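K.L.:
Residue numbers (our numbering), protein chains in the order written: chain A, 42 to 536; chain B, 42 to 536.
It cannot be assumed that every hint is accurate.
Where chains are identical, the list cannot tell them apart; a pair therefore holds if satisfied intra-copy or between any two copies.
Okay, derived cross-link-like pairs now, BS3-like style, lysine-lysine, Cα gap no bigger than 30 Å in a straight line [to be verified]:
1) 412 to 460
2) 433 to 165
3) 165 to 431
4) 165 to 348
5) 431 to 333
6) 150 to 359
7) 433 to 150
8) 460 to 427
9) 348 to 532
10) 314 to 425
11) 456 to 425
12) 96 to 460
13) 425 to 532
14) 348 to 359
15) 348 to 456
16) 488 to 431
17) 427 to 359
18) 96 to 412
Hints listed in this document are in silico derivations from the structure and should not be mistaken for laboratory results. Note that the coordinates shown come from a computational prediction; the quantities given were computed from them, not determined experimentally.
Each chain, letter by letter, is given below.
There are 2 protein chains.
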Amino acid sequence: MCLLYQGKIILSAVIIIHAFQYEELVQYVDSHQEEYVEALRDWVAIESDSSDVLKRPDLHRMMEMTAQKLRLMGGSVELVDIGEQELPDGQTLALPKVVTAQFGNDPNKSTVCIYGHVDVQPAKIEDGWATEPYNLTEIDGNLYGRGASDNKAPVLAWIHAVEAYQALSVELPVNVKFIIEGMEETGSNGLDAMILAQRDTFFSDVDYIIISDCGWLSRRPALTYGTRGNCYFFAEVEGPKQDLHSGVYGGTVIEPMTDLIGILDTLISPSGKILIPGIREAVAPLSDEEWKMYQDIEFDIENYKSKIGVSQLMYSNKVDLLAHRWRYPTVSIHGIEGAFSAPGSKTVIPAKVTAKFSIRQVPNMDPAMVKKQVTDYLHSVFAKRKSPNKLKVTMIIGAKPWLADTQHPLYEAGKVAVKRVFDVDPDLIREGGTIPIARTFQDVTEKSIIMLPIGGFDDGLHSQNEKMSRYNYIEGTKLFIAYLHQVSQIKKTQV
Amino acid sequence: MCLLYQGKIILSAVIIIHAFQYEELVQYVDSHQEEYVEALRDWVAIESDSSDVLKRPDLHRMMEMTAQKLRLMGGSVELVDIGEQELPDGQTLALPKVVTAQFGNDPNKSTVCIYGHVDVQPAKIEDGWATEPYNLTEIDGNLYGRGASDNKAPVLAWIHAVEAYQALSVELPVNVKFIIEGMEETGSNGLDAMILAQRDTFFSDVDYIIISDCGWLSRRPALTYGTRGNCYFFAEVEGPKQDLHSGVYGGTVIEPMTDLIGILDTLISPSGKILIPGIREAVAPLSDEEWKMYQDIEFDIENYKSKIGVSQLMYSNKVDLLAHRWRYPTVSIHGIEGAFSAPGSKTVIPAKVTAKFSIRQVPNMDPAMVKKQVTDYLHSVFAKRKSPNKLKVTMIIGAKPWLADTQHPLYEAGKVAVKRVFDVDPDLIREGGTIPIARTFQDVTEKSIIMLPIGGFDDGLHSQNEKMSRYNYIEGTKLFIAYLHQVSQIKKTQV
C-alpha cells in the first residue's frame with residue numbers, strides 16, 4: 042500500500058517534472074528554429090521526385106540523408122532494400138530504400154512508430170511557381186518549396202522533436218520508431234510488402250502509429266480520423282487499327298472518341314449525383330452526431346471558394362460541403378489518353394482512347410464491388426450504343442477508405458496536446474484524399490493509428506507554390522513534443 | 042483559208058508528233074525511276090513538319106531545296122516571303138516562303154498552274170511506324186515515309202514530268218507554273234493573302250489550276266471533283282484557378298471536365314446523326330443522278346473495312362457510305378487539351394479543359410452560319426447544367442467545301458489522259474477531307490480547277506506508315522505527262 046502510495050507520489054512527480062520540462066523543450070525549439078528552417082532548406086533542395094526516373098539518384102540521396110540524420114542522433118537506423126520497380130518499357134529500376142530507425146526500447150514504455158515520406162511531386166518553375174520550387178524561399182512567414190508541407194517539414198518536425206528531448210537530456214517518454222519512405226507520391230511501391238515482411242519484427246513492439254501526412258482544415262489545429270479511398274479506372278475504347286484522317290474517314294467510321302464521351306457522360310450528373318447503380322446505396326448514412334460535429338467545425342466557405350477560385354461550389358452549406366468532401370464518394374474524370382491533347386489543331390480520328398477516372402471510396406463501399414458495378418454499368422451503357430468498337434474497363438487502383446474512432450485514447454491524447462500548445466480544441470476532421478498506407482498499417486499490423494497534421498489548410502500540396510508556414514513548422518514541432526508526452530500517459534490496458 | 046488549212050495540217054502533225062513522243066517520254070520515265078525514288082528519299086528525309094516550330098529550319102530548307110530543283114531545270118523561280126505567324130505565346134515565327142516557278146511563257150499556249158505542298162504531318166516511330174518515318178523504305182513495292190504520298194511524291198512527279206519533256210527536248214505543250222507551299226498541313230497560313238496579292242501578276246495568265254493533293258478511291262484511277270470543308274472548333278471550359286487534387290477537392294467543386302464531357306455528348310448521336318439544330322437542314326439533297334453515279338463507282342466496302350480495321354461501318358451500303366464520306370457533314374471529336382493525357386494515373390481535377398472537334402462542311406452549308414449554330418447550341422446545353430464554370434466556343438478554321446463541274450473540258454482531258462496511261466476510265470469521286478486552297482483558288486483567281494490524284498487509296502495520309510507505291514509514283518508521272526499534252530488540246534474558247 043505504502044509502496045503504491047509512494048508510487049502515486051512518484052508518478053505525480055514525474056508528471057510535474059514533464060510539465061516543467063515541456064517549457065524548457067518549447068524554449069529549445071524556439072531558440073533553434075533557424076536551424077530547423079535550414080534543415081528544411083537542405084531537404085527541399087533535393088529534387089526527390091519519385092515519379093521521374095531521371096531523379097532517382099536524388100531520391101536515393103534523400104533517403105541516405107534522412108538515415109544519416111537519424112544515425113547522428115544515435116538512432117538504430119536501417120536502410121531497408123525493398124527491391125525494384127518495373128518501368129513501362131520493361132526495364133527495372135531500384136526503389137528508394139525505406140529508412141527505419143529506433144530511439145529507445147524500454148519495454149515499460151509505449152512504442153510509437155512515426156510514418157512519413159521524403160519524396161515529392163514534380164515541380165518546375167514554368168508550371169507557375171513564383172519562386173524556384175527546390176530553393177526554399179521565405180516570404181511573409183511562409184516557406185515556399187516543393188515538398189515543404191508534403192511531407193518534408195512534418196518529418197523533420199518529428200525528428201527535431203526527438204532531438205530536443207535528447208539535447209536537454211530529457212528521457213523520451215515513449216520509445217520512438219520511424220518509418221520513412223520515398224515512393225509515397227507514386228503509390229508507395231514496395232512498402233506494403235515491406236510492412237508485411239516486418240510485421241513480426243519491426244512492428245511487433247509498436248503500440249501506435251502516427252501519420253502526419255495531411256493538413257488542417259482552417260487556421261484551427263485538427264486531428265484527422267478518416268480518409269477516402271480511391272478506385273481508379275481506365276476505360277479504353279478501341280476501334281480502327283490506327284488513327285484516321287477525320288476528313289477522309291469521318292462519317293463512315295464509328296469513332297471511339299464519340300463512344301467514350303458517350304459512356305463517360307453517364308457516370309455523374311451535373312449536380313454531382315453518381316449515376317452508377319449501387320454506389321450511392323453502399324454509403325454509410327450520415328448520423329445526427331456526425332451532422333452536429335460538422336456543424337461545429339471551423340470552416341470558411343468563402344475562403345475555400347476564393348482559394349480554389351470558383352464562384353460557386355457543388356453545395357452551398359458547410360455540412361453538405363464537408364460531407365461531400367470527406368464521407369461521400371465522387372467521380373472525377375482526369376483525362377483521356379490517346380486522343381489529341383496538344384495545343385493547336387489536328388484533324389484526327391483517334392483509334393484507341395483511354396479515359397482515366399476515379400471514384401473516391403468511403404465506408405461502407407467495397408472496391409471489389411465498385412469494380413464490378415462500374416464495369417457492368419459501363420458495358421451496359423456501351424452496349425446500348427451498338428458500336429462495333431471494343432470497350433475494356435480496368436480498375437488499376439483499389440484503395441479502401443480509412444476511419445478511426447475519435448474516442449480512442451490516441452485521439453484524446455491529441456486533444457490534450459493541441460490544447461497545451463495552441464490553447465484551443467482541435468477540429469476532428471477527415472481527409473478527402475487517400476493515404477493508402479493508413480489502411481495497410483491498420484490491416485497488416487492491427488495497431489491503432491492517428492493522423493496528427495501540422496500542415497496549413499492553404500499549403501498547396503501537389504500544386505504550384507507549395508509552402509509550409511514557419512508558424513506551423515515550429516509550433517508543429519512543439520505539438521509533436523507534447524504529443525509524445527501525452528501518449529506516454531495512455532495506460533496500455535486502456536487500449 | 043490555205044493558211045487555215047495548213048494550220049490544221051500542222052496541228053494534226055503536232056498531235057501525231059506528240060503521240061509518238063509520248064512513248065519516248067514514257068520510256069524515259071521508266072528508265073529513270075530509280076532516280077525518282079532517290080529524289081523522293083531526299084525529300085522525305087527532311088522533317089518538314091509545319092506544326093512543330095522546332096522543325097521550322099527543316100521546313101525552310103525544304104522550300105529552298107524545292108526552289109533549287111526548279112532553278113536547276115531552268116525555271117523562273119521565286120521564293121515569295123509571306124510574312125510571319127504568331128505563336129500562342131505571342132512570339133512570331135517566319136513562315137516558310139512559297140516557291141513559285143514558271144516554265145515557258147508562250148502566249149499561244151495555255152498556262153497551267155500546279156499547286157502542291159512539301160510540308161508534312163508530325164511523325165514519330167513511337168507512334169507505331171514499322172519503319173523510320175523520315176527514312177524512305179521500300180517494302181513490296183511501297184515507299185514508306187512521312188509525306189511520301191502527302192504531298193511530296195505528287196509534287197516530284199509533276200516536276201519530273203516537266204523534266205522529262207526537257208530531257209527529250211520535247212517542247213512543253215503548255216506553259217507550266219508551280220506554286221508550292223510549306224504550311225498546308227496547318228492551314229496554309231499566309232497563302233490566301235499571297236494568292237490575292239498575285240492575282241493580277243502570277244495568276245493573270247494562268248488558265249487552269251491543277252491540284253494533286255488527294256488520292257484514288259480504289260485501284261482504279263480517279264478524278265476528284267469535290268472536297269468537304271471544315272469548321273474546327275475549340276470548346277473551352279474553365280473552372281478553378283489551378284488544377285486541384287481530386288481527393289482533397291473532389292465532390293465540392295463542379296469539375297470543368299464533367300461539364301465538357303456533358304456538352305460534347307450532345308453533338309452527335311451513336312448512329313451518326315448530328316444533333317446541332319440547323320446543320321442537317323442546310324445540306325443539299327442527294328439527287329437521283331448522284332445516287333446513280335455513286336452506284337457505279339468502284340468501291341469495295343469489305344476492303345475499306347479491313348483497311349481501317351473495323352468490323353462494322355456507320356453504313357453498310359455503298360451509296361450511303363460514299364455519300365456520308367463525301368457530301369454529308371459529320372462531327373469528329375479529336376481530343377481534349379488541358380486534361381491528363383499521359384500514360385499512367387494522376388488524381389487531378391483539371392482546371393481548364395479545351396475540346397477540339399470539327400464539323401466537315403458540304404454544299405450548301407455556310408461556315409459563318411455553322412459557327413453561330415454550334416456556339417448557340419453549346420451555350421444552350423451548357424446553360425442547362427447550371428455550372429459556374431465558363432464556356433468559351435471558338436471556331437479556329439472555317440473552310441468551305443469545293444465542287445467542280447465534271448463536264449468541264451479539264452475533266453474531259455483528265456478522262457482521256459487516264460485512259461491513255463491506265464487503259465481504264467477514271468472514277469469521278471469527291472474527297473471527304475478539305476483542301477481549302479481549292480476554294481481560295483476558285484474564289485480569288487476565278488480559274489478552273491481540277492484535282493488529279495495519283496496517291497493510292499491505302500496510302501495512310503496523316504497516319505502511321507504513310508506510303509506511296511512505286512507503281513502510283515511512276516505511272517502517276519506518266520499521267521501528268523499525258524495530261525499536260527491533253528490540256529493543250531482544249532480550245533480556249535471551249536472554256
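K.L.:
Let me make sure I understand: some of the numbered hints might not hold for this structure. Which ones are they, in numerical order?
P.N.:
1, 5, 6, 7, 8, 9, 11, 12, 13, 16 and 18
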